[in-house]
Amino acid sequence: MPTKQLVIRRLTCISPFSAVIALGSEMSGGIEDVRAEDITGINSESAVRIKTAVGRGNYVKDIYVRRMTMKTMKMVFWMAGNYGSHPDNDYDPNAIPVIQNINFRDVIAENVTMAARLEGIPGHPFSGICISNTTIGLTQKPKKIQWNCTEIAGVSSNVTPQPCNLLTDQGPDNACNFPEDSFTSAIV
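First residue of the sequence shown? That's 1 in this note's numbering, and the numbers climb one at a time after it.
Worth flagging that the hints you see were computed from the coordinates, not collected in a lab.
Wrong hints could be hidden among the right ones.
[To be verified] Simulated crosslink set (DSS-like; lysine-lysine; CA at most 30 Å straight-line):
{"id": "1", "residue 1": "LYS71", "residue 2": "LYS61"}
{"id": "2", "residue 1": "LYS61", "residue 2": "LYS4"}
{"id": "3", "residue 1": "LYS143", "residue 2": "LYS74"}
{"id": "4", "residue 1": "LYS71", "residue 2": "LYS141"}
{"id": "5", "residue 1": "LYS74", "residue 2": "LYS4"}
{"id": "6", "residue 1": "LYS74", "residue 2": "LYS141"}
{"id": "7", "residue 1": "LYS61", "residue 2": "LYS141"}
{"id": "8", "residue 1": "LYS71", "residue 2": "LYS4"}
{"id": "9", "residue 1": "LYS144", "residue 2": "LYS74"}
{"id": "10", "residue 1": "LYS61", "residue 2": "LYS74"}
{"id": "11", "residue 1": "LYS144", "residue 2": "LYS71"}
[Claimed, not checked] The calculated label-pair distances, taken between Cβ atoms and stated as ranges, are:
{"id": "12", "residue 1": "ILE42", "residue 2": "GLY171", "range": "28 to 34 Å"}
{"id": "13", "residue 1": "ALA153", "residue 2": "ILE108", "range": "23 to 29 Å"}
{"id": "14", "residue 1": "GLY29", "residue 2": "PRO172", "range": "26 to 32 Å"}
{"id": "15", "residue 1": "PRO142", "residue 2": "ILE14", "range": "32 to 38 Å"}
{"id": "16", "residue 1": "ASN94", "residue 2": "ILE14", "range": "27 to 33 Å"}
{"id": "17", "residue 1": "ASP173", "residue 2": "ILE14", "range": "17 to 23 Å"}
Backbone N, C-alpha and C define an ideal beta-carbon position, used for all residues, glycine too.
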């Protein structure tokens with residue numbers, strides 16, 4: 001059974017060893033139509049983390065995040081297609097997860113070591129990633145490479161520091177989507 005139509009609002013989180021919001025790695029039913037807004041993260045490993053691997057199958061799609069404020073963190077955006085953890089050796093190596101339509105807008109972060117680590121699955125890139133209106137202030141000892149991107153495709157608009165080339169710059173006035181319709185959902 002999929003996790004869908006989930007709303008996360010007005011969350012404040014201190015999480016030094018994990019993400020403020022994590023999607024996966026268990027996603028056998030899929031994860032879709034998640035809307036998160038007005039989020040504050042303090043002393044966290046990452047703001048939003050999507051984690052999966054070959055053998056996990058299914059999907060994470062239509063994720064919408066806006067108005068996040070992050071303070072002191074390892075990295076803001078983290079998507080991993082190589083999570084690699086399986087409960088046993090009986091997983092299906094042909095079960096390739098689909099990660100698509102992931103939207104982040106209006107993000108402010110300070111004291112960050114690395115902007116993003118976005119790593120899709122070889123031959124099966126994560127697609128439809130959009131990051132806009134985002135300012136990431138770096139720690140005094142940041143990583144030399146701020147955007148580590150492999151096997152992804154998407155766009156960016158008004159993002160500092162400048163994202164990797166796999167997130168094509170769409171100019172300053174192209175904010176990522178955030179649906180304005182409402183639905184009956186679980187509220188966290």
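How the hints compare with the structure:
At most 30 Å may separate the alpha-carbon atoms for a hinted pair to count; LYS71 and LYS61 meet this at roughly 27 Å. For a cut-off of 30 Å, the pair hint linking LYS61 to LYS4 stands: about 10 Å separates their Cα positions. For the given pair, LYS143 sits about 10 Å from LYS74 by alpha-carbon distance, which is consistent with the 30 Å threshold. Distance hint between LYS71 and LYS141 is fulfilled; the C-alpha atoms sit about 15 Å from each other, no more than 30 Å.
About 28 Å separates the Cα atoms of LYS74 and LYS4, which keeps this hinted pair within 30 Å; it holds. Among the hinted pairs, LYS74 with LYS141 is consistent with the structure: their alpha-carbon atoms are about 11 Å apart, no more than 30 Å. Taken as a hint, the LYS61 and LYS141 pair is broken in the structure, with Cα atoms around 34 Å apart against an allowance of 30 Å. Of the pairs offered as hints, the one joining LYS71 and LYS4 holds, with about 29 Å between alpha carbons and a cut-off of 30 Å not exceeded.
In summary, the hint linking LYS144 to LYS74 is supported, as the alpha carbons are separated by about 13 Å, within the 30 Å threshold. The suggested pairing of LYS61 with LYS74 holds, with an alpha-carbon distance near 24 Å, which does not exceed 30 Å. This hinted pair checks out: LYS144 and LYS71 have alpha carbons roughly 20 Å apart, not beyond 30 Å. For the pair ILE42 and GLY171, the supplied restraint of 28 to 34 Å holds, since their beta-carbon distance comes to about 32 Å.
Distance hint check: the CB atoms of ALA153 and ILE108 are about 25 Å apart, consistent with the given range 23 to 29 Å. Take GLY29 and PRO172: their Cβ atoms lie about 38 Å apart, and the range 26 to 32 Å is violated. The hinted window of 32 to 38 Å between PRO142 and ILE14 is violated, with their beta carbons roughly 22 Å apart. The given range of 27 to 33 Å is broken by ASN94 and ILE14, whose C-beta atoms sit roughly 40 Å from each other.
Between ASP173 and ILE14 the C-beta distance comes to about 35 Å, which lies outside the given range of 17 to 23 Å.
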